[in-house]
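Asks: So the chains spell out like this:
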Amino acid sequence: MKRSTERILTTHAGRLPSPPDVTETVRAIQRGESYDREAFGRRVRAMTAEVVRQQGETGVDIVSDGEIGRIGPFWGRLAGYGPRALKPGEDPRQAGTPRGEWKFFPKFYEEYWAAQPMGAANLPLVCTGPISYAGQDAIQAEIANFKAALAVARVEEAFMCVVSPGWLVPGFGHRDEDFQPHYPSEEAFFFALAEAMREEYKAVVDAGFILQIDNPRVVSGWDVPDPRTHRHLTLEEYRQAATLRVDALNHALEGIPEERVRHHVCWGSWKGPHTVDIPLKDAIDIILRVKAQAHFLEASNVRHEHEWKVWQGVRLPEGKILIPGVVAHATNLVEHPELVADRLVRYADLVGRENVIAGTDCGLGGRLHPEIVWAKFQAMAEGARLASAQLWRR
Amino acid sequence: MKRSTERILTTHAGSLARPPDLLEMLRAKTSDQPYDPAAFAERVRTAVAEVVRQQIDAGVDVVSDGEEGKPGFANYVKDRLTGIVAREGMRPRIFSDRAEFPDFQPPATGAIGLRRLVCTGPIGWKDKGAVQADIENFRAALQGVQPTEAFIPAVSPGTLAQNVVNEHYKDEEAFLYAVAEVMREEYQAIVQAGFLLQIDSPDLAMGKNVQLADKTMEEFRKIIALRVEALNHALAGIPPEHVRHHICWGNGEGPHHKDVELKDIIDILLQARAGAIYVEGANPRHGHEWKVFRHVKLPDGMVLIAGVIDTKTNFIEHPELVADRILNYASVVGRENVIAGTDCGFGTSADRDRVAPSISWAKLRAMAEGARLASQQLWG
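Chains A and B are the protein sequences, given in the same order.
With my numbering applied, the first sequence has no gaps in its numbers, which climb one by one up to 395 at the end.
With my numbering applied, the second sequence has no gaps in its numbers, which climb one by one up to 667 at the end.
Isolated chain B, as found in the complex (with noise of 0.2 Å):
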């Protein structure tokens, strides 16, 4: 993995703006509309090289292929592995940030909100030229382009195993390894094939708002240490070099008020395989936490993936600004070892874009201007 050696690289979280045409079939395709699965596949191939060819443009240095043709960053896997089914008509996924204000109303979820995935038989892969898909269509788009490192991000076993309603495996720890093992296969094809992996675990941060609110600190960090040990599981012969682990409060513009503090589960989080841990650190949930590396030390050799733009809301991060939060993390964990990320992604899911796609590419270039900013100053 390629660090700030000589000035700050940036990066962002995975997923970003899908072309309009494109997010019309995606949601067809989820919905289980009729599509044209050629005219799709050749649609994503095309997205991919654009999404690239953009990212450099905005001065991205570690670039993605986007998660262009993937419906959401961790529903993908219905699509391509056995045992899970989609579901109508579930209950909706209670958020104890939003609770507390029963009358906020939060954006549409969209039709396919109440749909949720469930396990009803034995985890394995029902497609694996998914990945490969993925693979090729990147390798395409970044032919003539030369971006510093490039990645593809991949959901964690955790996140899965808590999204995924269980009903066919004996208890949740059963479920969760069985999901690290076969994920472990998608994680080695990227890694084989060149790229950076990143995982993508909100499960360790949100799971504290959502799925786990109702457990005690002690509870809940029994749980996502167990999360932790299976991701480990499922990393194991993959150098931490390649990974980047991206931990996550949730995309939503809720009050966030219950997020779980970074302090309180750092030291779980340090023990994941990764070369690079990457935390929110730009809206004003998580804006302080960089204050949380002066006490605790990062790991030798890792590097530290820092929000320096957010992705909930369509005001633009002054560069100024954005160089402001990099002095602050490269003042206490040494300049070489921060990059500069975003909070999230810019398409999490193809439901609805955040944040207009027009101001997610801007939002990108103040980055690289704050990072361009950064330098000066760090280096002189």
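So that you can see chain A by itself, here it is in the shape it has in the complex (with noise of 0.2 Å):
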């Protein structure tokens, strides 16, 4: 994996925005509606060649493929995994996060999440049977438009992004009817789940991508009350459901080398308070049991952009890169370049400057108009300039 050895590199969450036509067809095909496999194919390739050379022209290092055209995490991926029907009254967008917060902004979480679109990828997963991965066409049809993409780009390196075998099982706390009577512990789901999702790893390493595993739930799943019970997890409750899904997801990422693996951490990307999000502090060192060289964390959102102060009492291990967001999903605003650089000039001040790549707080693509996304992605290339200019006369 490059590092910022001469200047502050930078990148980018992995998902950039889709054409409105793309974006439809993937509704539809989560709708089971039928669609022109030929044509779309040809759409999601040629958008892919487009946002790699976007990427290009705004500055960004290290690219990704933008996951145009893919439907949902792990969408028809898993054989013995996948959604269930609704239950009467149940509503999708709020079955996979009924968050704590909601009760103290109710009127505004009932107005955010009903202008919320509402697909079949928000349906609740369930175990039918024996998991095991069922995604090497989809993947490899990836790789092969990204590597086409790249073909006729310059950039330093490129990524694809993995949810996290916890990603797919939302909600914290033990959950019986989610892997019964298939798998006889939470531990044996997890770590079945964990091996049928290496396979998806391997490929994207193996045709010499980065891969970036996205792990929001380690720290975003601390909202959420026990499915069960209802009742929130106590902090020790919690680190050790978490630490569970570390596990699980170390035992996914076994033989794949560390220096190929990214991993990016978020605490959910809606638009809302955020005030129960769980402080860095109580979850880093669960976040850094996790076999990959970069760590990425959310840094310039208002909730967690004080967070640079905990590597003032925790040390990024040795050969580590830290990844801070410097650029946020959160507002439209474009950060001002200098405020870029302010960001990342702390960060190399705490962790030295070669282990500091600029990132943004989470995937900007859906999250942001289109022209915002790339005014942002030049923003920061500009600010990473201005910090390398700082951190490499002294």
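Don't read these hints as lab results, they were simulated from the structure.
Treat the hints loosely; a few may be bogus.
As the list claims (entries may be wrong) - Just the calculated beta-carbon pair ranges, DEER-fashion:
(1) V156(A) x R374(B): 49 to 59 Å
(2) T24(A) x P307(B): 31 to 41 Å
(3) G353(A) x G621(B): 28 to 38 Å
To be verified - Output of the computed footprint for chain A on chain B, the stretches with three or more beta carbons under 8 Å from beta carbons of chain A:
(4) 540-550
(5) 565-572
(6) 589-603
(7) 633-647
Stated by the list, open to error - Selected chain A positions facing chain B (Cβ under 7 Å, derived; list incomplete):
(8) P274
(9) N302
(10) L334
(11) E336
(12) E372
Backbone N, C-alpha and C define an ideal beta-carbon position, used for all residues, glycine too.
Two independent chains are provided; combine them into the complex using the hints.
Replies: Here it is, written out as structure tokens:
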């Protein structure tokens, strides 16, 4: 994995803006409707090339395929674990995340979620039999598209995103009905998921890409009550549950060289108050257990910006890289490059300039208007230039 | 004006969330629909009392009347002054930052989006009682509570001269000074009633992105220097220590990447006869500008009110981040010269809420908590 040896490199969290027609087809596929596979495939290939070109143009060093045309996280890539029908009155938008924060801002959340599009990707997932990987065709098609796009682009490095096993199991706490009778315990269930997902991780790395593991739940599960008891977990219980998910992730990563893996953690990308987000300091030791060379954390939205100070007390282990978010999905305002530079210099002062790569808090695609996304990348690149000028002149 | 002698004081930019039923009445009134003036006046009175109590509960030290009865921080003058009419179907205002991103859709501006104020005759007072009603409502609301201090916002002459289309006066300067002459009476009334006066001057910063986007920096600086002179003319006779001067780059959640830099206008802003200068400092386009005060000396006796809470997004600032921001400002201008504020108002216009009301109050609580953390560090 490249690091910032001569200047601060830039990257982002993976997802990039999709054109409206691609998004429409994705929704149609989720609804089970028929579509023109060949035409869609061509369109996705062309748009992947387009976003790779745009990343290069806007100063992104470590680029992704933008997840263009991807049908939800891990959609249809597993046998034995998939969506179930809704129970009467069940709202899938809330099924995954009945957050504790709702009770403090009930009207805000009611209106916010009512305005969110609901697709089949929101359906709850259940275990219906032994779990195995069924996504080779899908991931190989993505790899081929990305390789074709990169053949004509000049970039420092390229990465692809895959979710962590824990991502697929919303809500923390213990739920027998999620895995019984097919697995005897929660641990066995998570490890079976991990083994199936390992195949996709390996496919990405074998293709020569950096693998980004998207692992929001390690922190964003904090405000989700135990689905059986509807009770919030204590910090100790939460840390146990998060540790099990990290253990499963590490099991999935077995055999994959650590220097090919970066680990993205986020507190959930909805634009709400986030007042009950678990503080980074209470989860950082668990995050650092993940067998990845780089850890990628939100650091520019107003709920987490102050957490650069966590690194005053926590040492970044030898050889690791920290990718802080220096531009945010939380607002349309385009960060001033000087502010981006200030943020990067703070991190560099604490963990060393060669161990910092500039990133975005979360994936900006689908969360901000495309034009704002590219403007934020430019601001990030300019901020990284300003920071590099400061950090390498000394 | 009180300053942060023992701890960091907190305030905000004036306008606050309005209750839904009052919003309904305001919208009817603004769009010339029938409404009950007596019921409206009574609801404004109770709403002011409510927001005063809510500010105190949230830990705000220097409180306002929330501008509950005004349809917007600037256009409220239409009902108070002669010579100004509303006209439908005007050209929309072009924001140069948004123009660069042609299919970025800003949130709808509502039914009155294309209504503009136009000056068609001599500016004068038609309802001097309106400011007295603001004062009486606020006084009544302050009965039995003891905030550190209280302020009422009023729009600057420059903002009116910029927002209102002049079809009567011979040129912009004549219009500007006519507005200044008239608005002076509102400023004096507020100060004579014992309140701090906050002058709202978005024109001095936001103007470069909107109405004056086509001007060069030199031209823009000349125009805003003239507006500051007109403001000082309007403020003549009012002791500066009763005046705080709020500058803003516009409260919309657009890209803002064309915003004029504070460093390029700060010398002119500091010419205003105000005891406090109040600037945005929390949103990501202006979060770095606390460093401007490393090189620019705050005039002796002047207070800096710094935005440490953003008013454009629903994320609530972590109190530790608020404290960090306050500490940055204190490190460059001295702890006793800093008051913590919000970037802009939470109820800039009655047309819509940018931040959900429940979240706006939680943001003010986060500010108070952040000020407490900062004070602990600054005073030990």
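Asks: Check each numbered hint from earlier against the structure, then list the numbers of those it violates in ascending order.
Replies: Structure breaks no hint.
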